[in-house]
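Note that the protein sequences, when read in sequence, are chains Y and S.
Numbers given in this note's numbering equal positions in the first sequence, counted from 1, plus 7.
Numbers given in this note's numbering equal positions in the second sequence, counted from 1, plus 109.
Since the hints were derived computationally from the structure, they do not count as laboratory data.
For every residue, glycine included, the Cβ atom is placed at its ideal position computed from N, Cα and C.
Heads up, some of the hints might be wrong.
[Claimed, not checked] Facing chain Y, a subset of chain S residues (Cβ under 7 Å, in silico):
(1) Gly155
(2) Gln172
(3) Tyr175
(4) Tyr179
(5) Val229
(6) Ile271
(7) Ser274
(8) Thr275
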Amino acid sequence: MVDKKIEQRIQTAVRNATPDVLDKIYASCEEQKGTVINMSNADINVREIGLAP
Amino acid sequence: MIAFGINTAKSDTLAEVLDRYIYLIADGDKSSLGILYEETRSAVYGFTLSIVKNPIDAEDILQDVYVHIYLGAKSYKSRGKPMAWILTITRNLALMKIRDQNRATPLSPEDMSYIRQPAVTEEDRMVLRAMLNGLNDEERQIVVLHSLTGLKHREIAALLSIPLSTVLSKYNRSIKKLRKILKEEEANGR
């Protein structure tokens, strides 16, 4: 119960502190269209750390 | 906490909803990117902040994570763990930032004042301060992941490559520490 209360306070604090950068994201996506980002590292890591089913 | 409520059936699991958005993003659907962002940004920002401990860097990384998701969605293969995929990208980018700077930039009072979103209250600042300054790196990441991402302890253990028993003991210790710090701060009227 107490744990949940602390977690709720963390959730509220982080949610309120999270900046809104969606416009910047959209702008960056447009700029970088055509750029190939290699996501294989992320894939490998997910597999390596055992999160993959 | 992540909340899903847009165009989802009651029977949809959280992972299924996220999966669907990622596949739509892969098809070039920017509105799905916006929805995914809205639904997950607190978790991504919280986890980033827990690693880099600096709101300025965390904001940059928050942006980079969703650009990577947009550009990398086509190569995404669902393994039923989309949040783990997003958090792995987040962790990789945060660690890369630290590596580039050759250190984790320490949090200063100025950095704390940079958290200037209008919604942030003094209570929020106190909680963030306690979390960032009162816990060590691993403790902070465990508490944030458990509080904000919906990952279970065993999934956190896998993500951070540490034993489950360590996650459980550090989580309990961290909650106790935070409770003590916040109690003291409240008693001091901060």
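Cross-check of the supplied hints:
no. : hint   : verdict
1   : Gly155 : holds (4 Å)
2   : Gln172 : holds (5 Å)
3   : Tyr175 : holds (5 Å)
4   : Tyr179 : holds (5 Å)
5   : Val229 : holds (5 Å)
6   : Ile271 : violated (10 Å)
7   : Ser274 : violated (16 Å)
8   : Thr275 : violated (14 Å)
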